[in-house]
Amino acid sequence: MPNISVLIKPASGICNLQCKYCFYCDETKNREVESYGFMEEETLEKVIQKVLDFSDMACTIAYQGGEPFLRGLDFFKKSVELQKKYNIKGIKISNTIQTNGTCLDEDWAKFLKENNFLVGISLDGIMFTHDAFRVDKKGQGTFERVMEGIGLLKKYEVDFNILTVVNAATAKKITQIYDYFKQNGFMYLQFIPCLNPLGMETERFPHTLTPKAYGHFLKTLFDLWYNDLKKGVMVHIQQFEEYVRMLLLMQPDVCGMSGICSCQNVVEADGGVYPCDFYVLDEYKLGSLIQNSFEEIHEKRKKIHFVEDSAIMHEDCKKCKYAPICRGGCRRHRVLAGCQSPKNYFCESYYEFFSYSISRLEEIAAIYQKSY
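My numbering numbers the first residue of the sequence shown as 357 and each following residue consecutively.
Hints in this document: simulated from the structure, not taken from any laboratory. Wrong hints could be hidden among the right ones.
[Said to hold, decoys possible] Beta-carbon label-pair distances, calculated as ranges:
(1) I444 to D665: 34 to 44 Å
(2) K494 to L605: 46 to 56 Å
(3) Q374 to L605: 40 to 50 Å
(4) N359 to D515: 36 to 46 Å
(5) Y544 to G393: 26 to 36 Å
(6) G541 to G393: 33 to 43 Å
(7) D515 to C619: 34 to 44 Å
(8) F467 to Y544: 16 to 26 Å
(9) C619 to P680: 19 to 29 Å
(10) I616 to K677: 15 to 25 Å
(11) K677 to I723: 20 to 30 Å
(12) E664 to D412: 23 to 33 Å
[Said to hold, decoys possible] BS3-like cross-link-like pairs, simulated, lysine-lysine; straight-line CA separation at most 30 Å:
(13) K641 to K658
(14) K376 to K538
(15) K376 to K575
Being a predicted model, the structure only gives us computed values, none of them experimental. Where a beta carbon is used, it is the ideal one built from N, C-alpha and C, also for glycine.
Construct the entire structure; sequences and hints are all you get.
This is the structure we're talking about:
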């Protein structure tokens, strides 16, 4: 049996914040049941048991939301306990969790360290850019609370990385954000472009990231990263490192950069399984780990052609000189109302970026190749 990864949503789409660009909030409004509430421990046990029974050598168990910490620490202690109970094959298990960081306390930090969790913290840069859109239910900024949570992770030496949403605010201030991250020792960074609501991809909202702004952002960030790299300062920016991997003819680890969807298993709080975190929608449901096996779930995945459809590429993309490294981008960025095979919404951004950076990316790839 293969290695497997599951993304569990212990609190469904429930969150203690009300970020103005939240795609989870939009996603839940586009299905019959907005929230499946908190996952029961009985459901968790069935999920863990089936995951470890199906897996062979290794598995990754990721927790996301909404805000997964709202499910409570005892739930995660139970998860670790169940992993030990059902891991009869000695499978290597990796636990990861993505959080807004506002619920972290000493007990959480100790638990995360003791159980080797990798933590992703959502932080949109400096206070000005973070608090522009990442607010609580009262509309108050959350920057200081997130930084307090990060302080606890540092105190207990918990491994963590930073996830930043590139929106209208963060794109303009990337130089200040990059410098701030370095000053605070944040050296593992992910930047993901902001998504407009489903069916409203071309509308303009205060947070909307335009292709022009994203292209400028990528070029500016790349210059900062490249200049540090030349000075021996290693800031790990996932997107750029993945481009280097692809130039070395390695497969990217990030699903959205491979040109085709991977076989993901997103598990809602009721045990329902979906093919992607961007598509936890009724029409894409693959089954339930309460009633179905992974074999049955994979058969449903084939039946709806989710993976196959994601490989459809626009004719212009097929002829583009950057196709081997761009690959059309994430399926979710290629969804435009009424279009069967659209270009990536950020096509203009990527073309401008690759034209600007490709020689230096190739230079870095050549250096890496000589080193290994």
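Going through the hints against the structure:
Checked against the hint of 34 to 44 Å, the C-beta distance between I444 and D665 comes to roughly 37 Å, which is consistent with it. Checking the proposed 46 to 56 Å range against K494 and L605 shows it holds: the Cβ atoms sit about 51 Å from each other. Our hint of 40 to 50 Å for Q374 and L605 holds, since their Cβ atoms are close to 44 Å apart. Between N359 and D515 the CB atoms are about 21 Å apart, so this pair departs from the stated range of 36 to 46 Å.
Between Y544 and G393 the beta carbons are some 33 Å apart, a value that agrees with the proposed interval 26 to 36 Å. A beta carbon spacing of about 38 Å between G541 and G393 agrees with the range 33 to 43 Å that was offered as a hint. Against the hinted window of 34 to 44 Å, the Cβ-Cβ separation of D515 and C619 comes to about 26 Å, which falls outside the hint. A hinted range of 16 to 26 Å for the beta carbons of F467 and Y544 is consistent with their spacing of about 21 Å.
Between C619 and P680 the Cβ separation comes to about 23 Å, which falls inside the hinted range of 19 to 29 Å. Separation of I616 from K677 is about 20 Å and conforms to the stated range, judged on CB atoms against 15 to 25 Å. At roughly 23 Å, the beta carbons of K677 and I723 sit within the given window of 20 to 30 Å. Between E664 and D412 the Cβ separation comes to about 25 Å, which falls inside the hinted range of 23 to 33 Å.
Between K641 and K658 the alpha-carbon distance is near 12 Å, which keeps this suggested pair within the 30 Å criterion. For the suggested pair K376 and K538, the alpha carbons sit about 27 Å apart, so the restraint of at most 30 Å is met. Between K376 and K575 the CA atoms are separated by roughly 26 Å; this keeps the pair inside 30 Å, and the hint holds.
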